[in-house]
Amino acid sequence: MSKIKTFAELQEIRKNLENRMSLRKTAGSKDRIVIRVGMATCGIASGARQTMMAILDELQKEHIENVSVSQTGCLGFCDVEPVVEVIIPDKPSILYGKVDEALGREIVTKHIMNGTLLEDIIVSRSFETIK
Amino acid sequence: MYNKGLSQSNFDALGDYIASLPEKKGALMPVLHKAQNLFGYLPKEVQLFICERLDVPTSKIYGVISFYSFFTMKQRGQYVINICMGTACFVRKADDVVKEFEKKLGIKVGETSKNMMYSLEALRCVGACGLAPVVMVNDKIYGHVEKKDVKKILAEQSN
Amino acid sequence: MPNYRMHLLVCGGTGCHATKSNVLINELKRVLSEKGLEDEIQVVETGCFGFCEKGPIVKVYPDNVFYIEVQPDDSLEIIEEHIIKGRKLERLLFVEPSLNQKLEEQLDMPFYKKQLRVALKNCGFIDPEDIDEYISTEGYHALGKVLTSMTPDAVIEEIKISGLRGRGGGGFPTGLKWEFTKKSSADQKYIVCNADEGDPGAFMDRSILEGDPHIVLEAMAIAGFAVGASKGYIYIRAEYPLAIQRLSIAIEQARNYGLLGNDIMGTGFDFDVEVDLGAGAFVCGEETALIKSIEGNRGEPLTKPPFPAQSGVWGKPTCVNNVETFANIPAIINKGGHWFKKIGTEKSPGTKVFALAGKINNVGLVEVPMGTTMRDIVFDIGGGIRHGKQFKAVQTGGPSGGCIPYSQIDIPVDYDSLVSIGSMMGSGGLIVLDEDDCMVNIAKFYMEFIIDESCGKCTPCRVGTKRLHEILTKITEGKATEECINHLVELSDTIKDTSLCGLGQTAPNPVLSTISYFLDEYKAHVIDKHCPAGVCEALLSYTVVSENCIGCTACLRACPVNCIKGAPKEIHKIVQSDCIKCGACYDICRFEAIMKK
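Protein chains in written order, with this note's numbering: chain P, 1 to 131; chain V, 1001 to 1159; chain X, 2001 to 2597.
Derived from the structure by calculation, the hints contain no laboratory data. Take the hints with a grain of salt, since some may be wrong.
[Said to hold, decoys possible] Here are some, though not all, of the chain X residues that point toward chain P, as calculated from beta-carbon distances under 10 angstroms:
#, residue
1, 2036
2, 2044
3, 2140
4, 2264
5, 2406
[As the list claims (entries may be wrong)] Below are the DSSO-like pairs computed for lysine-lysine, each with C-alpha atoms no more than 27 angstroms apart in a straight line:
#, chain 1, residue 1, chain 2, residue 2
6, V, 1060, X, 2457
7, V, 1060, X, 2304
8, X, 2389, V, 1148
9, V, 1044, V, 1025
10, V, 1104, X, 2581
11, P, 15, P, 25
12, X, 2466, V, 1074
13, X, 2529, X, 2597
14, V, 1099, X, 2479
15, V, 1114, V, 1103
16, P, 15, X, 2479
17, P, 25, X, 2102
18, V, 1148, X, 2020
19, X, 2316, V, 1024
20, V, 1147, V, 1093
21, X, 2145, P, 25
22, X, 2121, P, 15
23, X, 2569, X, 2597
24, X, 2596, V, 1147
25, X, 2581, V, 1093
Even glycine gets a Cβ: it sits at the ideal position worked out from N, Cα and C.
Take these sequences, add in the hints, and give me the full structure.
Okay, structure coming up:
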């Protein structure tokens, strides 16, 4: 821990820390996007954890705050693991299959940031569950 | 507040603490806190020691100790049972709990059992009103205490 | 730094600590590392969430799910179900009694819905032992702002515009206090934070210090800059070990960052803080007594003037503010005095933190805009009275305050409204009383407190309160006459008029306000020799309920004076003339066959 010598330096530190609290600050907001990664045994075995970490890393890199990443159980499409679901409020949720680390990053940069779907790996377009 | 006795090492520790103070002006309260921490209570011997080292009249030291309820001149038991008597605990029947402790221990509030095991004291609000009535045994807090829990609390200490 | 996808916030306030939140935290961490999730999920110990009745509390971000009464053994299930499988744990969700519905989000709960958190904004949101979390929520930004772009006069002006009044009870305008201290010239001045929260039933200051200690340090430094002081004292009750510990950690971290000490942020401004422990004297909440105590003396109040702003610690100009007052300062500087002024009422701007306790469903810490009605606080936020009993009164302001009866429950809660009905804001303790509480007994309870806590310096308070207590005791024992009630009023007025300090001047308030709103109850004790609430032992009688008595002889054997007559399988009878009203029969009966009335 070194001393803060100017006000500008304090503001700089705060900016660097922003990421850390964004998860809590934006928790209540309505336009929150959820990315769910299927992390049952088979999902993990086919690399879901690495995919999730890549997504998290990309989100942080791009300073995206309104996205939560959560784990979920088996989504049922064992054939195409790792499976990632993207839920944007008021839009049908999109289910992607065979998402490796690179594709995980692409989901963030294309789908989340630009709204462009990754057509090639879509498993299902209207993945509804009973609430 | 476990009683640790008037050993020489405690006096040495207190002497070192006083010597380490950068400023003696206004240091009486911190010194008394330190002393009570070390000895468990503040008897005459300790007061005279502080008087000498801090250069404050014993009359003043006695005056300060007797003013503040946190300081005690009596040796206390191994287990100090503090029953919160703040308003929230009071309206949730803390006085029944006090009576039950008095009955079970055979001592009144403010007293210590002959075998120096237990001291019974009433305290003004620990600020855990959500748990009222609250009982503190040394540093451990018990919440939502009812008359029937008293036996259990005492049994827990003797184990 | 690990890139966490989820935060588990666990309340580490004194209330939750007592219900083993620290064990819970260790258990959560242990299970997380067992499952290899320690780099994905962060466990954070925070300050008080305010919902103390249902502790320990766990809040899950970003899902915003709020779990109550979480035991260490629940850790595994929370992690397996919620964190790994993404399913909420129904059984730990809060069930709103009025809706009988499980609520998962904090904001859905009526307890939080009507609240506005300014002073408590970080409590239950950040880790109080980590200065970085404070900085990331704009922490020390206000200090930077005043040091780099404001003059001391501008700071004082901003506080004056905000209309902030002292939250410790008196309600004196904070801006004026700062201005007076600034105007006194001296080589050394002091800032004192009054954390000697002595009102029984008040724990808002403790919660702020435990949940957000840096906010107080930052505000003290701002005050130091405004009035020209380089040293601050925090005078805190020795009974608050957790708050003292968190404060000490915060001070050390701030010093390491150079946010306390010399040449703060390179502006040439010096300010440092020292923690002084009180030792259990209620009167030390009074500012002149507090100053005496800091100097190492008996905490006896002095006559004012001179005010501390002219002559305080070591005879130097001193500005004394309460913890909650300080907690409002950074927000006022960051958002401006006009922003603050818009919250609350015209004469009492801002919010107030209340400690809600007693016979209420949701005991806890709440912060509402000034002017919120007592009804909203008790029935909406507080969730009404426990066990479906009848509301009788709410006691505000502790031993210096008074009782508010149901007829006044729609009163807006602010400084002046409360004084107009014979109570006061005090530090913010609200004790809710129900039909089972005897108002005479409550008045007697507060008098006992005052007798213990009167410093003894002046006669009206030292002797007068003792006489008040004696009269009240006579009333509760059925030995009083109607004349006694007049004596109480007369003596109370004298004590009010002739005492030196605030403690004495307000000491008779509990007596006066209970007499003015519950005269019937006093009269019932005095004339009918009857305690309507069934509390005053001497006025009760124990009788056997014939329909319930099965003749088990348990009470007969328990009676210490053998005044219960009967035989096995025969209905028992209590001989009233011999009964000493010890209640042993009532306690031992398993058939509800002894009635206390």
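Each hint tested on the structure:
1. 2036: Holds, because the Cβ-Cβ distance from residue 2036 of chain X to chain P comes to roughly 9 angstroms (cut-off 10 angstroms).
2. 2044: holds (9 angstroms)
3. 2140: holds (6 angstroms)
4. 2264: holds (9 angstroms)
5. 2406: violated (36 angstroms)
6. V/1060 - X/2457: holds (16 angstroms)
7. V/1060 - X/2304: holds (24 angstroms)
8. X/2389 - V/1148: Roughly 23 angstroms separates the two Cα atoms, so the pair holds.
9. V/1044 - V/1025: Holds, at about 22 angstroms.
10. V/1104 - X/2581: This hinted pair holds, its Cα atoms lying about 20 angstroms apart.
11. P/15 - P/25: Holds: residue 15 of chain P and residue 25 of chain P sit about 14 angstroms apart, inside 27 angstroms.
12. X/2466 - V/1074: Holds - the C-alpha atoms of residue 1074 of chain V and residue 2466 of chain X are around 26 angstroms apart, at most 27 angstroms.
13. X/2529 - X/2597: Distance of about 12 angstroms is within 27 angstroms: holds.
14. V/1099 - X/2479: Satisfied, since the Cα-Cα distance of roughly 24 angstroms is no more than 27 angstroms.
15. V/1114 - V/1103: holds (15 angstroms)
16. P/15 - X/2479: Violated. Residue 15 of chain P to residue 2479 of chain X sits at ~71 angstroms, over the 27 angstroms cutoff.
17. P/25 - X/2102: holds (24 angstroms)
18. V/1148 - X/2020: Holds, at about 21 angstroms.
19. X/2316 - V/1024: holds (18 angstroms)
20. V/1147 - V/1093: Roughly 9 angstroms separates the two Cα atoms, so the pair holds.
21. X/2145 - P/25: Roughly 23 angstroms between the alpha carbons, so the hint for residue 2145 of chain X and residue 25 of chain P holds.
22. X/2121 - P/15: holds (20 angstroms)
23. X/2569 - X/2597: Status holds; Cα separation ~25 angstroms.
24. X/2596 - V/1147: It holds: about 18 angstroms lies between the C-alpha atoms, which stays within 27 angstroms.
25. X/2581 - V/1093: holds (17 angstroms)
Of the numbered hints stated above, those contradicted by the structure are hints 5 and 16, listed in ascending order.
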